[in-house]
Amino acid sequence: MHTIRIGAATGFYGDTLDAAIDTAKKGNVQYLCFDSLAELTMAILAKDKVRDPRLGYAKDITPAMQALLPLAKKNGFKILTNAGGINPEAAGQEITCVARALHLDGLKVAVVTGDNLMQNLEALQRKNVTFTDLETGKPLNDVREKLMFANAYLGSRPIVEALKMGADVVVTGRTTDTAQFLAPLIYEFGWEEDNWDSLAQGILMGHLLECSAQSTGGNFSGPWWEVDGMDHIGFPIAEVRQNGDFILTKSEGTGGLVTVDTVKEQMLYEIHDPSAYITPDVIADFTTARLENVGVHRVSVTGATGNPKPLNLKVVMGYENGYMGQAMIGYSWPDALRKARSAEDIIRKQLDRRGWNYDEIHASYLGYNSLHGTTVTEPKEELNEVYLRMTVRAKSRQEALRFGRLFPPLSLSGPPHLGGAAGMEAPRQLVGMWSALVPRQFIEERVHISLVEVTL
Amino acid sequence: MAHVQLREISQTRAGDKGNTVNIALFAPTAELYDVFLREVTEESVKEHFRGMIEGSITRYEVPNLLALNFVCRQALNGGGSVSIRMDTLGKCYGSNLQRMIISVPDDLLATLQTFAKR
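Residue numbers (numbering that gives the first Met the number 0), protein chains in the order written: chain A, 0 to 455; chain B, 0 to 117.
Keep in mind that the hints were calculated from the coordinates and are not lab data.
A few of these clues could be false.
Claimed, not checked - Taking lysine-lysine and the DSSO-like style, the derived pairs with C-alpha atoms no more than 30 Å apart in a straight line are:
| id | chain 1 | residue 1 | chain 2 | residue 2 |
| --- | --- | --- | --- | --- |
| 1 | A | Lys72 | B | Lys90 |
| 2 | B | Lys45 | A | Lys25 |
| 3 | A | Lys145 | A | Lys379 |
| 4 | B | Lys45 | A | Lys48 |
| 5 | B | Lys90 | A | Lys137 |
Stated by the list, open to error - The calculated label-pair distances, taken between Cβ atoms and stated as ranges, are:
| id | chain 1 | residue 1 | chain 2 | residue 2 | range |
| --- | --- | --- | --- | --- | --- |
| 6 | A | Ala275 | B | Leu36 | 29 to 35 Å |
| 7 | B | Thr28 | A | Asn74 | 28 to 34 Å |
| 8 | B | Arg6 | A | Asn74 | 41 to 47 Å |
| 9 | A | Thr61 | B | Lys90 | 24 to 30 Å |
| 10 | A | Arg125 | B | Leu36 | 45 to 51 Å |
| 11 | B | Ala29 | A | Asn356 | 51 to 57 Å |
| 12 | B | Ala29 | A | Trp355 | 55 to 61 Å |
| 13 | B | Arg98 | A | Thr61 | 39 to 45 Å |
| 14 | B | Gly50 | A | Gln397 | 28 to 34 Å |
| 15 | A | Lys73 | B | Arg6 | 43 to 49 Å |
| 16 | A | Gln428 | B | Lys90 | 17 to 23 Å |
| 17 | B | Asp105 | A | Asn292 | 53 to 59 Å |
| 18 | B | Gly54 | A | Gly366 | 27 to 33 Å |
Said to hold, decoys possible - To list a few chain B residues with every Cβ distance to chain A over 10 Å, as calculated:
| id | residue |
| --- | --- |
| 19 | Gly17 |
| 20 | Tyr32 |
| 21 | Ile101 |
| 22 | Asp105 |
Don't be surprised by glycine CBs; every beta carbon is placed ideally from N, CA and C.
Working from the sequences, and respecting the hints, build out all of it.
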């Protein structure tokens with residue numbers, strides 16, 4: 000029976016390439032798919048593009064393509080990626096440039112655009128799209144002047160079209176993470192647009208692959224110390240059948256663990272209603288799915304069901320929302336926590352004396368409560384060392400910067416036994432997120448696919 | 000009844016979307032899933048995360064995975080790219096939920112002990 004093998008290449012911008020190269024060499028896959036984007040990543044790429052209009056895509060596309068394009072040609076797999084981010088055209092040019100340098104004559108690179116709405120917001124507003132924020136219900140005018148990017152989530156269809164045009168590599172902007180993985184199934188198996196159950200299985204497969212090792216033993220909350228070989232962990236590979244049933248596995252000789260227990264954790268990662276996971280291609284119901292251990296590092300996944308795709312697409316926008324000033328200082332035993340608290344108190348008094356007001360001041364103690372916050376209780380035993388971390392929410396970079404400057408003097412004039420570098424760290428720009436719905440036809444009519452064949 | 004910390008009898012994973020965090024809580028057996036249904040409620044989770052989760056919590060039941068999925072709003076100090084907290088993406092909310100102590104019937108303790116040994 001006809002099966003398609005699909006491999007996960009990266010789970011985010013900055014992920015290791017080792018596993019993708021391993022899958023490319025030994026995974027016997029027909030498709031290698033990257034998820035490079037996240038809400039935070041779009042903000043990073045938007046800032047890159049402000050600095051240099053030729054940027055705005057995930058820059059690790061260059062080393063990735065250098066390593067993978069020759070293997071793709073040798074082993075005959077295609078590469079799908081949303082690494083285009085804010086600037087898919089530039090990403091496409093970079094890929095063809097790498098291909099040319101590698102003498103990959105005839106390689107076909109498709110670029111999908113149309114998700115970037117930055118220049119089209121007014122036109123859409125004239126069509127009565129309000130862009131009301133889904134989380135807060137606030138109107139877009141509150142942040143309109145501060146917007147950094149605005150991208151609609153596209154589904155699989157443009158990637159499928161690009162494959163039909165003969166593309167070997169497809170690079171897009173904000174197509175959904177799962178679209179990279181579903182698209183090859185629609186293309187290869189010819190699934191109809193209303194084959195909701197198969198599409199839902201494809202989305203579930205994509206969801207289990209999109210965060211790379213999170214389904215192969217990474218971040219496993221069970222007995223994680225029993226996961227062998229995290230230093231060379233394998234990324235997931237799906238063997239998918241015509242009806243959408245699939246086996247989740249990884250390539251031979253890699254580290255990690257694929258069992259129902261590792262896979263099920265990823266199944267609900269970043270999911271809200273598990274019976275209605277909304278994607279541009281289908282609304283998937285994961286509560287009907289069945290997971291089963293069927294071999295060593297082999298889990299069978301069947302039974303996800305689907306409902307018709309939504310009428311709207313989600314748009315995510317990022318806006319400038321001030322700066323974070325930050326500082327961190329460490330104190331040793333004895334009385335480490337008491338010293339750190341005293342330092343916090345000193346800083347707060349100095350802020351008051353100077354009349355410096357911030358929208359928010361946050362203090363936490365590394366080694367005690369920086370990760371679990373208000374839910375933890377005072378440690379019964381004395382801690383060997385404690386780091387005080389203080390952050391502020393400031394309106395300008397200048398205000399954020401001057402907060403950090405309060406800390407170096409503590410190395411001489413505060414509590415004793417302050418170790419390491421004293422204090423200030425570079426301010427960080429804060430990017431607010433805004434999500435809204437737009438009728439899908441307004442987006443889909445703008446989607447464009449261009450295909451370039453590499454010539455030497 | 001025994002008082003047991005969720006750490007001993009569960010798996011968890013948390014993920015972010017904007018200012019919302021979802022915490023998936025997995026039971027190792029159907030019997031303990033029923034206990035979780037009774038003990039780990041929207042109200043008890045809200046109480047556990049006092050000072051960290053400001054908005055409403057919705058609990059989804061996922062019996063095919065013996066899991067409960069808690070969707071918690073206004074939970075991430077504005078969201079990953081705007082938070083000034085340390086755990087900007089809420090990755091540690093899963094382990095945080097595992098601090099919770101629940102009541103488990105004594106006859107299920109045998110199951111617990113094997114799980115706790117790991």
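Next on the checklist: Holds or violated: the 43 to 49 Å window for the beta-carbon distance between A/Lys73 and B/Arg6?
Outcome noted: holds, 48 Å
Checklist entry - Could one say that the CB atoms of A/Arg125 and B/Leu36 fall in the range 45 to 51 Å? => result Check passed, 49 Å falls within 45 to 51 Å.
Next on the checklist: Hinted pair, alpha-carbon criterion (30 Å max): B/Lys45, A/Lys25. Please report holds or violated.
Outcome noted: violated, 47 Å
Next on the checklist: Please check whether B/Gly54 and A/Gly366 have a Cβ separation lying inside 27 to 33 Å.
Outcome noted: holds, 29 Å
Next on the checklist: Holds or violated: A/Lys72 and B/Lys90, Cα atoms, limit 30 Å.
Outcome noted: violated, 38 Å
Next on the checklist: If I take the minimum Cβ distance from B/Gly17 to any residue of chain A, is it greater than 10 Å?
Outcome noted: violated, 5 Å
Checklist entry - If you draw a straight line from the CA of B/Lys90 to the CA of A/Lys137, is it 30 Å or shorter? => result holds, 27 Å
Next on the checklist: Range first: 28 to 34 Å. Now tell me if the beta carbons of B/Gly50 and A/Gln397 are that far apart.
Outcome noted: holds, 31 Å
Item to check | Cβ separation of A/Ala275 and B/Leu36, checked against the hinted range 29 to 35 Å | outcome: violated, 20 Å
Item to check | Least C-beta distance between B/Asp105 and chain A, which was stated to exceed 10 Å | outcome: holds, 24 Å
Item to check | Agreement of A/Lys145 and A/Lys379 with the hint, judged by alpha carbon distance not exceeding 30 Å | outcome: Judged against 30 Å, a Cα distance of about 47 Å means the pair is violated.
Next on the checklist: Please check whether B/Thr28 and A/Asn74 have a Cβ separation lying inside 28 to 34 Å.
Outcome noted: violated, 43 Å
Violated hints, listed in ascending order, are 1, 2, 3, 4, 6, 7, 17, 19; each of the other numbered hints is respected by the structure.
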